[in-house]
Amino acid sequence: QSALTQPASVSGSPGQSIAISCTGTSSDVGDFRYVSWYQQHPGKAPKLMISDVTYRPSGVSDRFSGSKSGNTASLTISGLQAEDEADYYCSSYTASTVVFGGGTKLTVL
Amino acid sequence: EVQLVESGGGLVKTGGSLRLSCAASGFTFNNAWMNWVRQAPGKGLEWVGRVKNIAPGGPTDYAAPVKGRFTISRDDSTTTLYLQMNSLKTEDTAVYYCASDLAKYGSGEFDYWGQGTLVTVSS
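From first to last, the protein sequence lines stand for chains A and B.
For the first sequence, my numbering assigns the number 6 to the initial residue and increments by one for each residue that follows.
For the second sequence, my numbering assigns the number 753 to the initial residue and increments by one for each residue that follows.
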């Protein structure tokens, strides 16, 4: 199972919106609703930010939103804040495994 | 409060073995599907495998790079998850996280993670 494809880096200024894409195949992202996004700060464990493509777990800011079209999922962060600077990973359920994206480093300028 | 606490990491030679543990508390462990996820230094997340919630032990699934070398097991009586790693390679060097998808068992959407334990494999 190949990793999902994410851009290596994205950046934005405080207050702006950014989007991170996550491209898979019809065997993972395109076929299942269990697409999720994680935020990871240096030296910390990942934190679930989005599940089921669009669902925000309790406690996650509504500045974070998810979507999916075909084999590509996206995470949008609006009103960028300094604390959003982190690595972001997408993941997808497959028939018998879980596959992650390569990760995207978000820099808040 | 849900807690997942890994232990057992350390330095091991190539070809050697190591067993990691994950002590779980704060939830009904025997209902949960339990997973291992690893992260090589400076790299991304990689799913290692999981054990389902069917007693005893539960069926397991593994990622291709570890299949046949790693074994995941669980002890519901002590609420502990294990990862037995054999025939270790330098590319197995990583922080190993215990994780679970408690909101939806088996979804692969991990709402709880441990703090991780570092495994270093050297030649």
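Among the clues, some could well be false.
Chain A stretches covered by chain B per the calculated footprint, using a threshold of three residues with CB under 8 Å from any CB of chain B [claimed, not checked]:
#	stretch
1	64-76
2	103-110
So, partial list: chain A residues that the calculated Cβ filter (under 10 Å) puts toward chain B [as the list claims (entries may be wrong)]:
#	residue
3	A8
4	Q11
5	S14
6	F37
7	Y39
8	V40
9	S41
10	Y43
11	Y94
Think of the hints as simulated: they come from the structure by calculation, not from any bench.
Just so you know, even glycine gets a beta-carbon here, dropped at the ideal spot from N, CA and C.
Legend entry - Structure versus earlier hints - violations, ascending order: The structure conflicts with hints 1 and 5, although it agrees with all the remaining ones.
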